[in-house]
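K.L.:
Construct the complete structure from the given sequences, taking the supplied hints into account.
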Amino acid sequence: MPSFTFAWLDFISHRIFMGKCLDNSHQINHKTWPLYAALLTDLLLFLKPILQNMDSFIVNCNMELYKGTLKLFLILFHDFPEFLCENCYNLCDIIPIRAVQLRNIILSANPINIPDVSNLKVDNLYEIIPPVRIPSTSLCEQLHYFQKELDSYLLQRTPSNFLTELAQGLSANLLNAEKQSNSTTMINALTLYIGLSAIQTNKTVTINSIHNSVHLEIFQHLLMNFDSQGK
21 MPSFTFAWLD FISHRIFMGK CLDNSHQINH KTWPLYAALL TDLLLFLKPI
71 LQNMDSFIVN CNMELYKGTL KLFLILFHDF PEFLCENCYN LCDIIPIRAV
121 QLRNIILSAN PINIPDVSNL KVDNLYEIIP PVRIPSTSLC EQLHYFQKEL
171 DSYLLQRTPS NFLTELAQGL SANLLNAEKQ SNSTTMINAL TLYIGLSAIQ
221 TNKTVTINSI HNSVHLEIFQ HLLMNFDSQG K
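Remember, this note's numbering sits 20 above the position in the sequence shown when you count from 1.
Possibly wrong hints are sitting among the right ones.
Unchecked claim - 20 Å max Cα-Cα, derived EDC-like pairs, lysine to aspartate or glutamate:
(1) K87 <-> D62
(2) K51 <-> D99
(3) K223 <-> E237
(4) K51 <-> D62
(5) K87 <-> D75
(6) K223 <-> D171
(7) K68 <-> D113
(8) K168 <-> D75
(9) K91 <-> E102
(10) K87 <-> D30
(11) K51 <-> E102
(12) K168 <-> E185
(13) K91 <-> D62
(14) K40 <-> D99
(15) K87 <-> D99
(16) K40 <-> E102
(17) K91 <-> D30
(18) K91 <-> E169
(19) K68 <-> D43
(20) K40 <-> D30
(21) K68 <-> D30
Derived from the structure by calculation, the hints contain no laboratory data. The structure presented is a predicted model; accordingly, all values stated were derived computationally and were not measured.
P.N.:
Right, dumping it as structure tokens:
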């Protein structure tokens, strides 16, 4: 463990530094969000091999580093949930599957100003009109290997062998330790891309329309052909 590790974690967790980077009261401060996200990415990449190896995880200093990381993300969850919402895909791409608690903290974040939806029709709220902010690198760059074929299948269900080749390619990468991270990132981006495509069809949502949709067909095929890690 490098001697500067805990001092660095303490620095990026400091309330003054976090406030300067993530305070969204002024629009100019929003420009520092990608910089802070890059710092968290470095932290998670450093933690990743530790979390993947139980022998190294049980070492006291490694456990303390993980606990400190959890505390940092809990602070973000409580004080800056919009930041976690915007960067959830990029952060979850890096987190190993076994780090369930850390991933759940990120995925449980909700914007502070989200309205109370009890006895309220969400479709009538103005707040759901603006599109969700997602870093531009999350989709196109990660799907460029097969985006053309995917778009064709979403429109016309062609080529007919697309789903088979897609499932086989992603499954093979999941079994390859060197390509596993890229495959996980691609699956996350694929899930988001298909979901956005389904929303943009503007069809009335019913049980039949969902059951017969090409979007559900893709998800079902992948679930049936993936192992537990892919699912």
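K.L.:
Could you run down the list of hints and mark each one as holding or not?
P.N.:
Now for the hints, and whether the structure bears them out:
Distance restraint check for K87 and D62: the Cα-Cα separation of roughly 16 Å lies within the 20 Å cut-off, and the hinted pair is therefore satisfied. Between K51 and D99, the direct Cα distance comes to roughly 18 Å. Compliance with the 20 Å bound is thereby established for this hinted pair. Proximity of K223 to E237 is assessed by CA-CA distance (about 16 Å); at most 20 Å being required, the pair is judged to hold. A C-alpha spacing of about 19 Å is found between K51 and D62, which places the hinted pair at or below 20 Å, so the restraint holds.
Only pairs whose Cα atoms come within 20 Å are accepted, and K87 paired with D75 is accepted, the gap being roughly 17 Å. Note on K223 and D171: the hinted pairing holds, with a Cα-Cα distance of about 18 Å set against a maximum of 20 Å. Between K68 and D113 the CA atoms are separated by roughly 11 Å; this keeps the pair inside 20 Å, and the hint holds. For a cut-off of 20 Å, the pair hint linking K168 to D75 is broken: about 43 Å separates their Cα positions.
Using a Cα cut-off of 20 Å, the hinted pair K91 and E102 holds, with the two alpha carbons roughly 17 Å apart. About 12 Å separates the Cα atoms of K87 and D30, which keeps this hinted pair within 20 Å; it holds. Only pairs whose Cα atoms come within 20 Å are accepted, and K51 paired with E102 is accepted, the gap being roughly 14 Å. Between K168 and E185, the direct Cα distance comes to roughly 14 Å. Compliance with the 20 Å bound is thereby established for this hinted pair.
Our distance criterion of 20 Å between C-alpha atoms is met by K91 and D62, whose separation comes to about 17 Å. Distance hint between K40 and D99 is fulfilled; the C-alpha atoms sit about 13 Å from each other, no more than 20 Å. Only pairs whose Cα atoms come within 20 Å are accepted, and K87 paired with D99 is accepted, the gap being roughly 18 Å. For the suggested pair K40 and E102, the alpha carbons sit about 15 Å apart, so the restraint of at most 20 Å is met.
Note on K91 and D30: the hinted pairing holds, with a Cα-Cα distance of about 11 Å set against a maximum of 20 Å. For the proposed pair K91 and E169, the alpha carbon gap of about 42 Å is over 20 Å, so the pair is violated. Using a Cα cut-off of 20 Å, the hinted pair K68 and D43 is violated, with the two alpha carbons roughly 28 Å apart. A hinted pair counts as satisfied when its Cα atoms are at most 20 Å apart, and K40 with D30 qualifies at roughly 15 Å.
About 19 Å separates the Cα atoms of K68 and D30, which keeps this hinted pair within 20 Å; it holds.
The structure fails hints 8, 18, 19 (numbered hints given earlier, in ascending order).
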